[in-house]
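Enquirer: Chains as they are written, first to last, in the working numbering: chain A, 1 to 264; chain U, 1 to 287; chain X, 1 to 271.
Source of the hints: derived by calculation from the structure; they are not laboratory data. For glycine and all other residues, C-beta sits at the position ideal for the given N, C-alpha and C. Hints are supplied without guarantee of correctness; some may be wrong.
[Said to hold, decoys possible] Simulated DEER-style distance windows between Cβ atoms:
hint : chain 1 : residue 1 : chain 2 : residue 2 : range
1    : X       : Asn234    : U       : Ser141    : 58 to 68 Å
2    : U       : Asn128    : A       : Lys71     : 34 to 44 Å
3    : X       : Asp68     : A       : Arg232    : 17 to 27 Å
4    : X       : Arg117    : A       : Gly173    : 51 to 61 Å
[Stated by the list, open to error] In the DMTMM-like style, the derived pairs of lysine to aspartate or glutamate whose C-alpha atoms are separated by at most 20 Å in a straight line are:
hint : chain 1 : residue 1 : chain 2 : residue 2
5    : U       : Lys110    : A       : Glu190
6    : X       : Lys253    : X       : Asp229
7    : X       : Lys71     : X       : Glu59
8    : U       : Lys58     : A       : Glu190
9    : X       : Lys253    : U       : Asp80
10   : X       : Lys253    : U       : Glu271
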Amino acid sequence: MLKNINIGQHIPGNSIIHRLDPRIKIICTLIAIISLFLVSSFPGFFIYLAVILTIILFSRISVIRILRGLKPIFFLMFLTLFFHAFFTEGGAVLLEWRFISLHQEGIMRGFFMVTRIILLIMFTSILTLTTSPMDLTDGIEYILKPFRRLGVPAGELAMMMTIALRFIPTLLGEADKIIKAQKSRGADFESGNLIRRAKNLVPLLVPLFISAFRRADELALAMEARCYQGGRGRTRLHELKMERKDFVALILVLCGGVFTAVWL
Amino acid sequence: MHMLIELKNVSYIYEQEPPVTALEKINLNIEPGAFIGLIGHTGSGKTTLVQLLNGLIKPTSGQVIVDGKDIGENKKGLKDIRRRIGLVFQYPEHQLFEETVYRELAFGPKNLGLDKDEIDVRIREALNLIGMDFDKYSDRSPFNLSGGQQRKIALAGVLAMKPGVLILDEPFAGLDPRGRKQLTELLKRLHEQQNISFILISHRMDEISYLATRILALKEGHIVLDGSPAEIFSQPEKLKEIALDIPQLTEILFRLQKKGLEVRSDIFDIEQAADEIIDKLRSRNIC
Amino acid sequence: MNQIEMKHVGYQYNKTGEQALIDIDLTIQSGEFVGIVGSNGSGKSTLARLLNVLLEPTEGQVLIGGLDTHKRENVQQIRQKVGMVFQNPDNQLVATKVEDDVAFGLENLGVPSSQIRRRVDRALEQVDMQDYRDFSPHQLSGGQKQRVALAGILAMEPSCIVLDEPTAMLDPRGRKEVMSVVQDLNQQKNITVVYITHVMREASRTDRIIVMSEGKIVRRGQPAPIFADIDFMNKIGLSVPPVTELAVALRKKGLNLPDIMDVDELVKCIC
Chain A
1 MLKNINIGQH
11 IPGNSIIHRL
21 DPRIKIICTL
31 IAIISLFLVS
41 SFPGFFIYLA
51 VILTIILFSR
61 ISVIRILRGL
71 KPIFFLMFLT
81 LFFHAFFTEG
91 GAVLLEWRFI
101 SLHQEGIMRG
111 FFMVTRIILL
121 IMFTSILTLT
131 TSPMDLTDGI
141 EYILKPFRRL
151 GVPAGELAMM
161 MTIALRFIPT
171 LLGEADKIIK
181 AQKSRGADFE
191 SGNLIRRAKN
201 LVPLLVPLFI
211 SAFRRADELA
221 LAMEARCYQG
231 GRGRTRLHEL
241 KMERKDFVAL
251 ILVLCGGVFT
261 AVWL
Chain U
1 MHMLIELKNV
11 SYIYEQEPPV
21 TALEKINLNI
31 EPGAFIGLIG
41 HTGSGKTTLV
51 QLLNGLIKPT
61 SGQVIVDGKD
71 IGENKKGLKD
81 IRRRIGLVFQ
91 YPEHQLFEET
101 VYRELAFGPK
111 NLGLDKDEID
121 VRIREALNLI
131 GMDFDKYSDR
141 SPFNLSGGQQ
151 RKIALAGVLA
161 MKPGVLILDE
171 PFAGLDPRGR
181 KQLTELLKRL
191 HEQQNISFIL
201 ISHRMDEISY
211 LATRILALKE
221 GHIVLDGSPA
231 EIFSQPEKLK
241 EIALDIPQLT
251 EILFRLQKKG
261 LEVRSDIFDI
271 EQAADEIIDK
281 LRSRNIC
Chain X
1 MNQIEMKHVG
11 YQYNKTGEQA
21 LIDIDLTIQS
31 GEFVGIVGSN
41 GSGKSTLARL
51 LNVLLEPTEG
61 QVLIGGLDTH
71 KRENVQQIRQ
81 KVGMVFQNPD
91 NQLVATKVED
101 DVAFGLENLG
111 VPSSQIRRRV
121 DRALEQVDMQ
131 DYRDFSPHQL
141 SGGQKQRVAL
151 AGILAMEPSC
161 IVLDEPTAML
171 DPRGRKEVMS
181 VVQDLNQQKN
191 ITVVYITHVM
201 REASRTDRII
211 VMSEGKIVRR
221 GQPAPIFADI
231 DFMNKIGLSV
241 PPVTELAVAL
251 RKKGLNLPDI
261 MDVDELVKCI
271 C
């Protein structure tokens with residue numbers, strides 16, 4: 001039953017990291033990512049890693065969970081290492097065979113890049129693991145609000161994200177039903193090569209899309225009936241409030257960012 | 001087309017946190033030619049049960065045996081099972097996807113590997129069975145039809161596979177009285193003329209009492225009642241015990257019984273019921 | 001003042017040219033519980049959508065509490081006064097948590113944050129869903145979802161609620177839940193209810209019914225005598241509750257019975 005899946009990677013919890021204002025968490029993550037790209041040496045990465053591990057400690061989430069987030073990009077990391085190792089030149093030549101050469105500088109660069117990727121993923125994982133998708137949406141809406149003057153429809157974007165989150169389990173359930181119905185008519189979603197399998201998805205995707213459009217239609221009507229007129233002038237049930245811990249976190253991360261930029 | 005379906009000690013447990021036992025040690029024989037009404041609350045296991053019958057899911061324990069062969073043991077035979085045991089889900093019109101009615105109806109037969117000519121024959125037969133004209137409808141988009149027509153097309157899509165058993169999950173859902181009447185008559189016709197066995201999941205007791213030759217009631221994964229409509233509905237207290245609706249007519253007859261009027265409660269026709277009531281009243285010299 | 005007035009209202013779909021409503025005249029007073037019945041295609045849903053300006057009449061005039069639905073400036077006020085619950089329980093819920101969804105209408109109206117909490121809580125209690133405030137919609141049954149949708153309307157404090165076949169997609173348990181909540185609201189809070197259905201068992205609980213067929217109002221009045229006219233009901237494609245059919249059959253065979261829609265009443269009259 002798909003009803004019990006957790007949307008995104010969010011793990012509910014009560015740690016201080018969980019309870020930070022989502023806006024702060026998003027901004028801190030952005031600052032952290034920027035400073036990560038300013039780090040130019042391995043020692044810098046170690047300090048960075050120490051910071052990450054401290055935050056993970058505070059969040060009471062196991063490090064293994066965070067590292068699991070690296071699984072999907074394993075291949076990317078390997079590719080990065082591979083290409084730098086064999087195509088970036090500089091320093092001593094470690095290996096040579098016909099036209100393929102392995103340079104010391106290349107390997108260093110490769111590892112450097114991969115480490116950066118790992119730390120990046122780890123930091124963003126902390127964000128998604130400790131913040132519910134709804135809170136993330138709220139946070140993003142607030143941060144985008146000042147950009148309304150430039151034409152960014154912050155309220156509407158947030159509404160779209162909320163609705164998407166709301167309907168993911170419903171659409172997954174519907175996909176399940178459609179798959180079963182088509183299987184009962186002899187459809188085969190498993191066998192065949194890639195092209196064949198893509199074609200076989202049509203009996204799933206067409207009804208699913210049609211259903212999604214119909215839902216959107218009916219939902220829009222229901223929203224209008226409840227006086228929805230777009231993002232302007234809307235108040236909220238849950239107001240995001242900044243507390244002392246949020247300011248502390250912000251200052252700490254800002255200092256860290258500046259420190260990294262200047263010294264590392 | 002006659003076949004025997006047997007369930008031997010079948011249990012099904014959904015793997016989740018915590019695990020949910022949908023069916024527990026079910027033993028059931030479904031004889032050819034039956035029209036079985038399957039009733040029970042949401043969550044009683046009805047949908048799980050029918051999905052076991054056409055091999056969509058495999059029992060956690062126990063066997064599903066069709067014509068003497070355990071369907072769990074034969075992976076390749078699943079397609080054949082799905083041909084012979086047709087399953088129509090709730091709101092079947094939500095599975096339509098083709099550009100024309102013709103291609104939609106061809107989907108099932110094509111999956112069975114039939115050749116073009118045979119598919120054409122099947123489509124014409126299926127449209128005939130549901131009472132829709134081939135020339136008028138075969139080139140139209142299924143999405144340009146009314147809700148009721150779409151539902152009939154979805155049903156025809158399964159009929160085109162020539163199943164020996166047809167399982168329908170809440171086929172009356174969302175239909176207005178006229179639509180229900182039409183569908184009820186269609187199902188009756190298919191049962192009597194086409195020699196198709198039926199398993200009908202519904203909470204519409206009126207339609208079930210009209211169509212079914214046998215009623216199975218599920219509660220929390222167990223079969224709690226099994227008998228003819230006459231047998232089942234003449235024990236209204238038992239049905240009320242498992243908190244299921246009974247046909248309104250049966251309710252009336254039962255209440256009259258309680259008040260001392262000795263009417264039979266296994267009548268499902270209004271005129272007959274009226275005669276019965278008048279009869280019993282006369283013999284009490286009330287009117 | 002009349003809560004709802006429709007004067008010579010017609011509606012034509014401009015895409016298909018189909019005339020969905022023809023010369024509709026009706027008045028609904030405050031506090032009434034009115035049923036609108038008809039088979040699919042009779043125009044009853046179109047009529048419902050004219051009541052909260054989801055559609056505007058192509059002929060005639062619709063007045064809600066005296067406000068003309070043709071005037072753009074009235075729309076938001078009318079939609080706050082006349083709340084609507086739709087047929088599909090899923091496609092009305094917009095938020096990931098029950099309490100957020102109930103708050104949706106209030107947020108749209110710009111109600112101050114401090115008041116929203118209070119009104120959401122009250123609305124949830126009125127439909128007996130206060131224990132589910134943190135649930136996600138996909139964890140709820142159909143009947144529970146409809147009650148949440150109803151709470152979302154109640155939070156906006158409407159004077160009238162229109163329900164368009166609210167139980168059509170529910171199982172018997174869900175149907176009972178919704179029906180009983182709606183009846184309570186009408187009887188205890190004096191909220192006007194316009195209930196659109198083709199389920200006669202539900203229509204029989206209303207104060208009076210308006211019967212529609214092919215875009216026109218073909219009969220109005222008390223449910224009992226209308227249902228007892230079995231030929232008429234069959235002609236317009238509606239079914240008669242077995243209890244009424246039985247009463248009519250008994251009457252034909254000599255038993256002196258009034259028009260009956262209720263099982264208890266029939267049993268009492270026979271014995």
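Enquirer: Decide, hint by hint, whether the structure agrees.
Expert: Against the structure, the hints come out as follows:
In this structure the hint that asparagine 234 of chain X and serine 141 of chain U lie 58 to 68 Å apart at CB is violated, the actual value being about 33 Å. In this structure, asparagine 128 of chain U and lysine 71 of chain A break the distance hint of 34 to 44 Å, their C-beta atoms being roughly 55 Å apart. Taken as a hint, the range 17 to 27 Å holds for the pair aspartate 68 of chain X and arginine 232 of chain A, whose Cβ atoms sit roughly 25 Å apart. The hinted range of 51 to 61 Å is not satisfied by arginine 117 of chain X and glycine 173 of chain A, whose Cβ atoms lie roughly 31 Å apart.
A threshold of 20 Å between alpha carbons decides the hint, and for lysine 110 of chain U with glutamate 190 of chain A the separation of about 17 Å falls inside it, so the pair holds. Restraint check for lysine 253 of chain X and aspartate 229 of chain X: the C-alpha separation of about 16 Å stays at or below 20 Å, so the hint holds. For the proposed pair lysine 71 of chain X and glutamate 59 of chain X, the alpha carbon gap of about 14 Å is at most 20 Å, so the pair holds. Our distance criterion of 20 Å between C-alpha atoms is met by lysine 58 of chain U and glutamate 190 of chain A, whose separation comes to about 17 Å.
About 55 Å separates the Cα atoms of lysine 253 of chain X and aspartate 80 of chain U, which puts this hinted pair outside 20 Å; it is violated. Between the alpha carbons of lysine 253 of chain X and glutamate 271 of chain U the distance comes to roughly 10 Å, so the proposed pair stays at or under 20 Å and holds.
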